[in-house]
Amino acid sequence: MPSEFFIPDPEGRVPSAEGYFGAFGGKFIPEALVAAVDEVAVEYDKAKADPEFARELDDLLVNYTGRPSALTEVPRFAEHAGGARVFLKREDLNHTGSHKINNVLGQALLTKRMGKTRVIAETGAGQHGVATATACALFGLDCTIYMGEIDTQRQALNVARMRMLGAEVIAVKSGSRTLKDAINEAFRDWVANVDRTHYLFGTVAGPHPFPAMVRDFHRVIGVEARRQLLERAGRLPDAAVACVGGGSNAIGLFHAFIPDEGVRLVGCEPAGHGVETGEHAATLTAGEPGILHGSRSYVLQDDEGQITEPYSISAGLDYPGIGPEHAYLKDSGRGEYRAVTDDAAMQALRLLSRTEGIIPAIESAHALAGALEVGKELGEDGLIVVNLSGRGDKDMDTAARYFGLYDTDAEVAADEAGGAAEIEGDAK
Amino acid sequence: MSGNIQLLTDTLAAAKSEGRSALIAYLPAGFPTVDGGIEAVRAVLDGGADVVEVGLPHSDPVLDGPVIQTADDIALRGGVRIADVMRTVREAHRATGKPVLVMTYWNPIDRYGVERFTAELAEAGGAGCILPDLPVQESALWREHADKHGLATVFVVAPSSKDERLAEITAAGSGFVYAASLMGVTGTRESVGAQARDLVERTRATGTGLPVCVGLGVSNPAQAAEVAGFADGVIVGSAFVKRMLDAPDHAAGIEAVRALAGDLAKGVRGQA
Chain P
1 MPSEFFIPDP EGRVPSAEGY FGAFGGKFIP EALVAAVDEV AVEYDKAKAD PEFARELDDL
61 LVNYTGRPSA LTEVPRFAEH AGGARVFLKR EDLNHTGSHK INNVLGQALL TKRMGKTRVI
121 AETGAGQHGV ATATACALFG LDCTIYMGEI DTQRQALNVA RMRMLGAEVI AVKSGSRTLK
181 DAINEAFRDW VANVDRTHYL FGTVAGPHPF PAMVRDFHRV IGVEARRQLL ERAGRLPDAA
241 VACVGGGSNA IGLFHAFIPD EGVRLVGCEP AGHGVETGEH AATLTAGEPG ILHGSRSYVL
301 QDDEGQITEP YSISAGLDYP GIGPEHAYLK DSGRGEYRAV TDDAAMQALR LLSRTEGIIP
361 AIESAHALAG ALEVGKELGE DGLIVVNLSG RGDKDMDTAA RYFGLYDTDA EVAADEAGGA
421 AEIEGDAK
Chain Y
429 MSGNIQLLTD TLAAAKSEGR SALIAYLPAG FPTVDGGIEA VRAVLDGGAD VVEVGLPHSD
489 PVLDGPVIQT ADDIALRGGV RIADVMRTVR EAHRATGKPV LVMTYWNPID RYGVERFTAE
549 LAEAGGAGCI LPDLPVQESA LWREHADKHG LATVFVVAPS SKDERLAEIT AAGSGFVYAA
609 SLMGVTGTRE SVGAQARDLV ERTRATGTGL PVCVGLGVSN PAQAAEVAGF ADGVIVGSAF
669 VKRMLDAPDH AAGIEAVRAL AGDLAKGVRG QA
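Residue numbers (my numbering), protein chains in the order written: chain P, 1 to 428; chain Y, 429 to 700.
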């Protein structure tokens, strides 16, 4: 029986055998990791060809994760989007609360097949860390999660969740103390412990085969959304919209629509305080081609190749790199990428909460803000699908401070919220 | 102007003809300042190192442990630029006549421009480059320009490298082969295990004529003597950086690295 939920790219369009999506991708890794990365590629190819792997993964995706995820139309939200119809792909309803579990379960099965007993992972917002800790609990694997110290503070709830699940969480104090530095530290761990350790990379970046493999595990998002839209709306969408940090939820949504030329693929990058301020993480908008974490892609860097420190209110998007397939989609013109500020994302977060009773993750709120713009461009006849990649529980502290929702924190909130009062009017 | 790959080859051959290993030291440029770093590099060469690797600091040194990360941070916060790295190479080579390599990650060179970088490094008197995150499969462009400018391409091999990869790497490399003594990042270790000897033997078994030098974890004269027993060169980095970091002031740091180079030079001569 063909797999229903594990659906690797049937066309095998990209990447090349060397892991290149056009000019981007490749494998820029230390010699010490070459054998391990090659092993992942070989095992993944074997797994793809093995019906038993697909059967096991399908079973988990249905009975553990809860796939297929719902597609929810959001008409009250859509009133603010130029009257276009808006559907949300509800990856927030997956077990653990985000799309991350799709990839994690696939790689956890692969870890077992490789006979490795320990998993390490990086995490920004904690969603990938929580999903990884969850899979490790399920499969009885040792688990160490690297997380930037700043992110451990702003996503404290997820730190507690990971520890509850039995994972060791290491707060990384080097560099910008965010996602980039967590990845650096995970690589250092992997080099030293590669014999028994799999690095369960959480996004569509890194050395080949990670960008293609992680994409394949998330492809189900777009495959389901495409089918559900054809059933519910009777046609393909005009635009598929997703937030982009490393780019895993976006590629998961986009990929099944790539051959559908009429479907705009819109990635929403974090503009932070505004791209013009320099305080952002809008890699495709403001970056240049370079090498970070094992592959060539767009990178936020200075004129001598030093990686610059990114900023976003969203820990999950606060990353100066981007998956190479997005760089390829951008340069080929198939994908379009725009930047969404902290403020626009936070307004969209509250708008969805108040119009539809769905609290999105701050990451996903960037996509919602992008969808509001795209809807206005499309007008009343427009049809948009947005990947609601995660739920917002983890962000309630950040949101409460931003909007001044804590009684006891009134003064702090007033300082930090800034324009909260003027947003009030928009939220109805 | 051609780079000093021949000087590197001759220096390593001369050590061999003396029946000893060469001592190869590492220090980052710009640490603690550009001029202070030049002083330190000169001190280790004067103190007894045969070859020096000048680090071009990178914001994301994924193969470096905390000691070199700290030094890179200090250098980058001090505003070190590639021009400063070139000046460090030039002054160290000019003052001592010894071979000077650059060690860095691939992105700074990719961004700067491979032709521009190799031309400037050769002009500064550099002997070559070690690029630990540029595997041989991705290295064609680099090697084309390095060859054109007379610069060595020193590849790293690791205990996890399979024999067929060792053959590919030694065939593509020049100057010497950098054998990582263990699986891990840079930093001082209590002991350098049997993995290093095994890796050196497997590397030589490829039939390569390149000297095989061992790095990672070597920090004291006894370890240097041990490694010198089976390798053509002994590479020491973090131990020098640590001496600088631990010193009460800059002058003391310079004397400490000079003294360590002297002690390690005895080590590679079996006099530890």
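Worth flagging that the hints you see were computed from the coordinates, not collected in a lab.
Here the structure is a predicted model, which means the values were calculated and not measured.
Please note that a few of the clues may not be correct.
Examples of chain P residues lying across from chain Y (beta carbon under 8 Å, computed) [claimed, not checked]:
| id | residue |
| --- | --- |
| 1 | 174 |
| 2 | 177 |
| 3 | 291 |
Glycine included, C-beta positions come from ideal geometry on N, C-alpha and C.
Answer holds if the nearest beta-carbon of chain Y is closer than 8 Å to that of residue 177 of chain P; otherwise answer violated.
-> Check failed: Cβ of residue 177 of chain P comes no nearer than 12 Å to chain Y, outside 8 Å.
Hint status (Cβ of residue 291 of chain P to nearest Cβ of chain Y, threshold 8 Å) | 4 Å, holds
Holds or violated: is the Cβ of residue 174 of chain P closer than 8 Å to a Cβ in chain Y?
-> 6 Å, holds
The earlier numbered hint that this structure contradicts is number 2, and it is the only one.
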